[in-house]
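Protein chains in written order, with this note's numbering: chain G, 1 to 690; chain D, 691 to 880; chain V, 881 to 1092.
Think of the hints as simulated: they come from the structure by calculation, not from any bench. Quick caveat: nothing in here was measured; it's all calculated off a predicted structure. Every residue, glycine too, gets a C-beta built ideally from N, C-alpha and C. A couple of the hints might just be wrong.
As the list claims (entries may be wrong) - Covered by chain G, according to a simulated footprint, are these stretches of chain D (three or more residues, beta-carbon under 8 angstroms):
| no. | segment |
| --- | --- |
| 1 | 719-727 |
| 2 | 732-746 |
Stated by the list, open to error - Restraint-style ranges between C-beta atoms, simulated for each label pair:
| no. | chain 1 | residue 1 | chain 2 | residue 2 | range |
| --- | --- | --- | --- | --- | --- |
| 3 | V | Q931 | G | L24 | 46 to 52 angstroms |
| 4 | V | V971 | G | H90 | 29 to 35 angstroms |
| 5 | G | R44 | V | A980 | 37 to 43 angstroms |
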Amino acid sequence: MMTDADLPTPEPTESRREISWVWLMPVLAVLVALGMVWQTYANRGPVIVVTFPSASGIEAEQTPLRYRELDVGTVEEVTFSEGLSAIEVHIRLDQKIAPYVDAGSEFWLVEPQVSARGITGLGTVLSGVYIEGSWDGTPGEAADRFEALTEQPLFSPDQAGTRIVLSSRTGGQLSAGAPVLFNGISVGWIGRPVLSENGLTVTRDAFIEAPYDARLSTASRFWDSSGLSFDIGTNGVSFNMESLAALVEGGVTFGTLVTGGQAIEPGHVFDVFSSLRTARADALEGSGTRLSVAALVDASVAGLSAGTVVRYGRANVGEVTAVTGFRDADAPSGDMQLLVDLEIIPERLGFAAGLTTDEQLATLADRIAAGLRLRLASEGIIGQTTILEFIQAEDAGAETLVIDRTPFPLVPTAPARVGDATEGMEGLVDRVSNLPIEELMTSAIGALESVQQLAGSPDALQLPANANGLISDARGLVGSDEIRIALADFQAATTDLRAMTDEIRNSPGLANLLTALESSQQITDGLAAFSEGLPGVLDSVAVITDEIREVPLAELVGSLDQVTQQLQGFLGSESIDDLPEAIRGTLEELQNALTELRTGGAVENLNKALAAAQGSMEAIEIATELVPEVVSRLDSTARTLETAVSGYAPGSRIQVDITNALRNISEAAAAFRSLSRTLERDPSSLITGR
Amino acid sequence: MYQVDDEIAVRDTRCIRCGHRLTFGRRGAIARVVGLAMTSAILMGLAMFLPFLNLTSGRNTVSASLVEVVGGFADGLMVPLAFAVFGFILVLPLTRFVLLIFALGPVAAARPAFPGAALALRWAIVLKPWAMAEVFMIGVAVALIKLSGLATIGMGSAFWVLCAVVLITAYQETFMCRHTLWTELNSARA
Amino acid sequence: MDRAEQRARLITARDAGRVGCRSCGLVAPLGQRRCTRCGAALQSRDTQSLQKVWAWWMAGLITYIPANIYPMLRSTELFRTTESTIVGGVVDLIHYGDYAVAAIVFVASIVIPIGKFGAIAWLALILGRPHAQDTHRLHRVYEVVEFIGRWSMIDVFVVAILSALVQFETFATINPGIAAISFAVSVIFTMLSAQSFDSRLIWDRLKEGTPA
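So that you can see chain G by itself, here it is in the shape it has in the complex (with noise of 0.2 angstroms):
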């Protein structure tokens, strides 16, 4: 075996170098970490100091700051500013998005909250709030130190379209974020409400995005179409709902209702009006200037409220745009009163364009002088719609402007005219519908019928033809299908409208809105038939009158007679007593409409009849009621017929048919009524059903 000691031995090497080659290592890793450090450092982007009022949520290090859904930087500390007054939070910027970063850049919290926007960031909920940021994509002046804002902007800088103001009366069902629509597509929104410092109007902020704020102009009317808007007009009953957001939050509606329109300055005041036909008239009649004055009425009135019509004559003069409680400090003890406050239009009351406030207060105080007071009435079919109406006073006293008595100059008032009820539909109806009418047409026909049995004279058979005649003509033409046919679709109409108004009230959902409006919409299409065929049925029945007038009645009134004394000599029996008090009632009264016919002269009765029919038919607006014209109308003729003819027994088909109309008018027009008042007081409450 070879010995250890054989084998060679390595060569020792002598390093050549005192330092090995592990000493690289360290200078690497030196190198390294601070290349690592310089990377981090160098690719930082500048600090910004964004200050804000309290530091909700925010975290060093941790809450980002977002641009368009996208993290640019990240807040890095969270201090206080000098006098603890805010809070400063010191963001770093990506370097990337530093340079647009500039002095018209806007800050803000994003957590949840009811903005100007509406109701945003419920997702930071979730993800933890941070810190949005807003500017254009141009590069600008530098800037390091913002303010934030305490809410999302209306809009971002970098979005185009057109600030304006849009002024109206109160909060009303318009919240924030609401859409502005033109032509029912949302083409904006609408910012938060503010006070004015009157505490009249509100003012809003609103945004219209481009291209659709060309369409903006001097000429463009804003209405505002929450929820649904009920209209009874010319053309019948419609329901209008824009769309289902405008019926939750609301919405304004823009349109140019008028040609001639110039352009308008970013934050032009626009005015939001309550309807469309109230925008479309102020835009028709042309907008003055306005003059704010105030009156006092006494507080048991029912019916004045913000919005209540001011007329002058058969103009719209102005608006009512507050009513509160007043209580004279000199008479405290006195009652109370209702302060009106309203804003007229002076121009249209014929005051000279172009006055200075002042002026035209004193133009006013002269007016007032010279016996111009104001003074509540009443109007309309469909209830009393109460209104303020200037009037020449023949009589008043001299009297004036009562001014520093309370916010707005007091016009005096005049007594209030109210009664045209005895005139008006409501009247009319309730007349009618107190008499138990169709017992007692039956069974006084069934009298009448045996009356003409007991008469039975051949002379009552000479009738002049002509009546004969025309009677069948009305018949006829009462009988008519037609009219039929549309009454029978207006009860049916009615009827489904009552049933509707019931669904809608009792039962609250927007599901159940939405088939209740389904159906008004056959609703009013099937008004709206009937309406169209209206104008032909009165057109007959006019036709009817004239040719009543023509109508020798002299011997019509002589056959009369007969039948009169038959009838007397029938009342004076005893059989009388067994017959209904009603009825005895009723054949008095008829009794003496044929007395008056005999003593007063027919024709001139029949003239008298028919001008009072034609006078009621005047005292009724023409401009809108059809159907209760119609009614009225009906049954003026009715009543005249009555009067002529009240012996023809085939008529009381016509006079129950007559009296159903009129009982299912009336009970329409109450619902009616009691509907518009309701959306009137709470328009909430027909969704909510409370």
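Using the hints provided, position chains D and V relative to the given structure of chain G.
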């Protein structure tokens, strides 16, 4: 085949034929130990503050450096745990490196040893089982697997640096022959 | 010389009237207090070794119990809080099909600690009295126990990482439970217990005639 005796063994030797290193001389070993210790120390210091891991879930990204990982549960009852973890994975390894550098640095530079070098070296050796950086890395691997279902995990730069430290430390261990170290230290002290 | 011959020529330092430094290996005369080279305390035998072993062992065992009873992890997902113990966590992992991770956690947090308790107890019991075991085996057990102890800390670090990372307010948060501390402490104690072993004891109590 060579015969190596003690005297030869203390120096670097190479194979005559191929040049492959046969023994690391003491000088070389110590130099390596110190050099690697320095490297590890620097890298570890770097790794403490760079982002270690980041977790992205939905829109939120949580990024944590080693210090934050430890600080993450340093409130209330868990403070001792935080200290323990911090100690095992950062403080102790770093202390070891520093002690090694302190004890053997002068030796590697052919200078007299610092006073207390022996103590330092002893403690560096004693602390070896308590420096658990590599256990930590395995733990991180397990945690990553557990979280992979929940969210997207990203490894930050500190992660890779720490991996490097673990590997370097393992490599360094191979040079830590106690006998050699003590002998060298002793001669440097004397 | 072959191994057997070389073995026969072994002399322990003690027999030679010296004591070896456990830290650096230098041999010094018996009775010297400190090693001249490294300054470590010199002890020919650590007579208190087994006492220390047992003491640390018991401490480790005591702290291991709450580590398994109390939750290791408390995770909150959208208002639902779940707490999982070590064993519970393993079961969940198996449920989710994560067999590899479950195995790692199971081994590191259950097998190793319990194994250590067992091994250390066994060693301590054997070395407490004269024994006739194979010294190599004993020594190997000792080495393994000492080496493997630190790896039990895996689970503690996992909890730490999870707690640090998963902190998304309402969405999901993970926090460490009491068991985390308890377990870490237990691991520390068992490591100290293993370290307290004076391995030289293995040969001391060897019965006469047993090959060393």
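Verification of the hints:
Counting residues of the segment 719-727 of chain D whose C-beta lies closer than 8 angstroms to any C-beta of chain G gives 4; at least three are required, and the coverage claim holds. Only residues whose C-beta sits within less than 8 angstroms of a C-beta in chain G count toward coverage, and the segment 732-746 of chain D has 5 of them, enough to reach three; the restraint holds. Between V/Q931 and G/L24 the C-beta distance comes to about 50 angstroms, which sits within the given range of 46 to 52 angstroms. Checked against the given bound of 29 to 35 angstroms, the beta carbons of V/V971 and G/H90, roughly 47 angstroms apart, lie outside it.
For G/R44 and V/A980, the Cβ-Cβ distance of about 40 angstroms falls inside the hinted range of 37 to 43 angstroms, so the restraint holds.
In summary, the structure is inconsistent with hint 4 from the numbered list given earlier, while agreeing with all the others.
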